[in-house]
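Chemist: Protein chains in written order, with our numbering: chain U, 1 to 413; chain B, 414 to 733; chain E, 734 to 1011.
Take these hints with a grain of salt, some might be off.
[To be verified] Below are the BS3-like pairs computed for lysine-lysine, each with C-alpha atoms no more than 25 Å apart in a straight line:
#1 U:Lys407 with U:Lys120
#2 E:Lys1011 with E:Lys951
#3 U:Lys309 with B:Lys415
#4 U:Lys407 with U:Lys173
#5 U:Lys120 with E:Lys1011
#6 U:Lys120 with U:Lys173
#7 U:Lys309 with B:Lys606
Derived by calculation from the structure, the hints in this document are not laboratory data.
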Amino acid sequence: MLQVSHAAKSFGANRAVDDVSLTIRAGEIVGLVGENGAGKTTLMRIVAGELAADAGTIEFEGRIGFVHQHFMLVNDFTIAENLALATRTSPRNAEAIVASTGIALGNVGRRAGDLSVGEKAKLELIKAIAREPSLLILDEPTSVLTPYESEELFAVMRTLAAKGTAIVFITHKIREVTAVATRVVVMRRGSVVADSPSMSAEEIADAMVERRTGFSRSGRAEARPTSRGEILAIVGVAGNGQRELAEQFLHAYPRSRIGFIPEDRTHDGIVAEMSIAENIALTRENWRGAIRRVPALIDLYSIKAQSAKQPAGSLSGGNQQKVILARELDGEPERIVASEPTRGLDLESTRFVRDQLREAAARGAHVILITSDLDEAFELADGIQVIYRGVLSDRMTPAVASERVAKLMAGLQ
Amino acid sequence: MKRIAYGIAAAAISIALLAAIGALFGHRDLFPILIGGSVGSPFALEGTLLKSVPLLLTGLAVVIAFRAGVWNIGGEGQFIAGSLAAFLAARYGIAAALIASILAGALWASIASLLRIWRNAPEVLTTILLNFVAIHLLGYCVNGPLQEPSRMYPQTDAAAVALPLLGTSDLHAGIVLALVAAFASWWLMYRTKEGLRLRAIGYNPNAARTAGVNVNAQIARALAFSGAAAGLAGGIELLGVTHRLFERFAAGYGYSGIAVALLAQLHPLATIASAVFFGALVTGAGELQRAANISSAVATFGQAIVILVLIMFGSMRARD
Amino acid sequence: MIELALIASVPLLLAVEGELVAERAGMINLGIEGMMLFASMTAVYAAQLTGGIAGGIAGSIAGGIAGAALIALVFGAFAIHLRADQIVTGTAINLLALGITGFVYRELNETFTRAVPHIESNAIAIFAWIAVPIVLAWALWSTPFGLRLRACGENPEAVRAANFSVEGHRWAALAIEAVLVGIAGADLALALSSGFAENMTNGRGYIALSIVIFGRWKVKGVLLGTALFGAAAALQFAMQAANHGIQFHLFLAIPYVVTLVILCGIAGRVRAPEGLGK
Chain U
1 MLQVSHAAKS FGANRAVDDV SLTIRAGEIV GLVGENGAGK TTLMRIVAGE
51 LAADAGTIEF EGRIGFVHQH FMLVNDFTIA ENLALATRTS PRNAEAIVAS
101 TGIALGNVGR RAGDLSVGEK AKLELIKAIA REPSLLILDE PTSVLTPYES
151 EELFAVMRTL AAKGTAIVFI THKIREVTAV ATRVVVMRRG SVVADSPSMS
201 AEEIADAMVE RRTGFSRSGR AEARPTSRGE ILAIVGVAGN GQRELAEQFL
251 HAYPRSRIGF IPEDRTHDGI VAEMSIAENI ALTRENWRGA IRRVPALIDL
301 YSIKAQSAKQ PAGSLSGGNQ QKVILARELD GEPERIVASE PTRGLDLEST
351 RFVRDQLREA AARGAHVILI TSDLDEAFEL ADGIQVIYRG VLSDRMTPAV
401 ASERVAKLMA GLQ
Chain B
414 MKRIAYGIAA AAISIALLAA IGALFGHRDL FPILIGGSVG SPFALEGTLL
464 KSVPLLLTGL AVVIAFRAGV WNIGGEGQFI AGSLAAFLAA RYGIAAALIA
514 SILAGALWAS IASLLRIWRN APEVLTTILL NFVAIHLLGY CVNGPLQEPS
564 RMYPQTDAAA VALPLLGTSD LHAGIVLALV AAFASWWLMY RTKEGLRLRA
614 IGYNPNAART AGVNVNAQIA RALAFSGAAA GLAGGIELLG VTHRLFERFA
664 AGYGYSGIAV ALLAQLHPLA TIASAVFFGA LVTGAGELQR AANISSAVAT
714 FGQAIVILVL IMFGSMRARD
Chain E
734 MIELALIASV PLLLAVEGEL VAERAGMINL GIEGMMLFAS MTAVYAAQLT
784 GGIAGGIAGS IAGGIAGAAL IALVFGAFAI HLRADQIVTG TAINLLALGI
834 TGFVYRELNE TFTRAVPHIE SNAIAIFAWI AVPIVLAWAL WSTPFGLRLR
884 ACGENPEAVR AANFSVEGHR WAALAIEAVL VGIAGADLAL ALSSGFAENM
934 TNGRGYIALS IVIFGRWKVK GVLLGTALFG AAAALQFAMQ AANHGIQFHL
984 FLAIPYVVTL VILCGIAGRV RAPEGLGK
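If we strip away everything but chain U, and leave its shape as in the complex, we get (with noise of 0.2 Å):
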């Protein structure tokens, strides 16, 4: 059993975990909730003991197991090397470890860098399963999972908590709580707004954000007047060709004409070291008229930050995105190549970003989403397509795309 007493944890002024107190039994399945940068990850962390809290205390005995979001996998290292490394055995112990797991995952004998994206989410979960722990938690273990193995997934867990295993599971995905948890938590600017065994989505949906929006999937609200550009999104799993499909759209034309926001906003984005201005200007061959126009996209953007001379690195994930489109968008270029636009941001930010994309197709740019969000794809897009290991398939109206998604992104069909 774990207890939580009054944990807090701040990173300089953000307040992270804001005196959260909570108690997760033996065979419980919690499904932790929230929206991104609500303080789940970082809660379970300091579970885990991965991170200090500076208040409060944690009361637990047994082992914990964490799955987290980025694999942490030796790519050179064989499954069974990987196995061997985390379980502290020998590698010719692997495929009986992996046995006892009940999950499959075929020939031992292969490097985990070679491993689709699926497998390698797979080993992750008999990395931790392995060791027998008494509380497993999973970060967004379904974020490059297809509908199928998700469920795959949520049979393993059903069996693991019968068999007396806590399982708390980290995700904003209101869908897969209600599916499998038995218990809900909900989390909101680092505190718990709700826990409850049993609620609705509409009333997740609710308590996580602070407003009561209503949840809408149906798509644009008003009707489109008619214009040339459209919105087309690319779904599909993670690792499925996405990026090398982005970089073609990124080479196919002068880099002047198209507006190209990168899947990895901090790794291929944002300069961190360099100022706000810098960033907008690198693109441009006249970077003298990029900087002045500068303070004026702060303001159109509303970008939060007190000078455009900032360091990019010291804004939010919001606001530096915000940066990125300011300087992709601004040009009005006739074709928009966006990676994943919203992953990781704050609704705020998210609305904003996919209000920009909406706005630049009604102005007759040609929008290309790649995104492994459905909801977005469904909320956006005028076709849609969906990538499966390098290859796309036709393009669908949102109408039809509803029922064949779920097969194609997992290969079927």
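Dock chains B and E against chain U, hints included.
Modeler: Relative to chain U, chains B and E alone:
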């Protein structure tokens, strides 16, 4: 402001450590001789300034390269290449000689950028290896085709031209050139699009590439600029100070440039002050060797201490 | 000729083997040049101190290892503990070693200019060419320790997630490197030369770094690389002996040109340990 404080502290600590080690070995007069030999007299000051010139330029070379994220440890070889070219072109006049030195330095550095772009060969190693090649090339020249006519010493004749002197001292016009180079580097890095992109690839080459910067071309240009500065250092040292080439001509100026650049926190204008500090250190160390038989290698030791202290400060800062 | 090549490249080979371990653990030690230089000096000093005990071998090797260990301590303090940039640290270490050895050489000049015991190189050669590769290959690829060490060089995050100390394993790798480089220094100064001379390592450290890349961070590969290099070096000596002209100076450049070619031919298609330098 903090960074200036760190710089001064690092410089002070290295001198203090030198004095302490000297005392350990029984040389209590290390510190006074060091100071006196570097800034204690007009003659010493002159020596310091003369030594600062090549250090300023090799320091700028490192600043430009490191700012672009390129490991140019080849200042030594580029310095030699520049001096050789200057010597050969000297018959055509000062301007020709200096331009030749700039081009030769850029070319020598470009061998490394070519190998990196074409073959992924890490420039940190190729530039160092090219240093050794250049040193032996110089050895060949001064013992062979370029040796002075009497064939008694491994050195060349005096170069065909010399840099004009400033006033009655030994200070030569190269000082002005070096200062101009410092300002030009600053202007390049902070007031041009080229400099913006150069710094961008230094901080985050992936983001720069996404933004449309041709990273390989940028790296090549950065190395060329870097080599040019080091080559110019060699040309100026030849035409302004030594007037002839000999073995060990480079005398560590290339490697010292690294310490100069790091103490200046990779800022082109601060490199001026940093070069003067290390110029003083080298000049003082020379006096130490003459007056007290203490190896002038203490200057190299001092450079290392400065770098290590700066690293320490840097990681303390990162922990905040 | 072959024997000459093998024996003459022993210091280089030991440095290569040490750097292989370090890089497999994720560290690039540019300062290996300075480490070997400093070890050469301490080996000679220790040999003079211990007089002729056991032919000077024990003393010199112990001294060499002690010197290399000191340098490894400094490098580790900055690169592991302070997480400083490894290339800048390594460069500083080389300057440090140059400065210290230059200074001490002049201070204790008579220690370094009188006759030193000559140590037998054959035993060390067998050690370097046969014993070390076998032990290293076994240790790195067939033991749990080796698995963890290699994981540190590929993905330190994964190692930490499995609750092991990345720092501990990297220190261990540096210790192994120090032992090997210490012996290399002793061999260089007392088996291949007759004492310490300023700058006597002459770039061997950088050549070692290049050979590790050429050998794709594997034992067989680096052995082959060192052997090839040794052969080229032996050829160079032969050419120098046969031709006494001024081309001598150009011949001196051959090892470095050969190394450049080595870096060209292979580096493009090679995959380094993912966590190298991080």
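Chemist: So, for every hint listed, does it hold in this structure?
Modeler: Status of each hint after checking the structure:
no. : hint                    : in the structure
1   : U:Lys407 with U:Lys120  : holds, 20 Å
2   : E:Lys1011 with E:Lys951 : holds, 20 Å
3   : U:Lys309 with B:Lys415  : holds, 19 Å
4   : U:Lys407 with U:Lys173  : holds, 19 Å
5   : U:Lys120 with E:Lys1011 : holds, 23 Å
6   : U:Lys120 with U:Lys173  : holds, 21 Å
7   : U:Lys309 with B:Lys606  : holds, 17 Å
Of the numbered hints given earlier, the model fails none.
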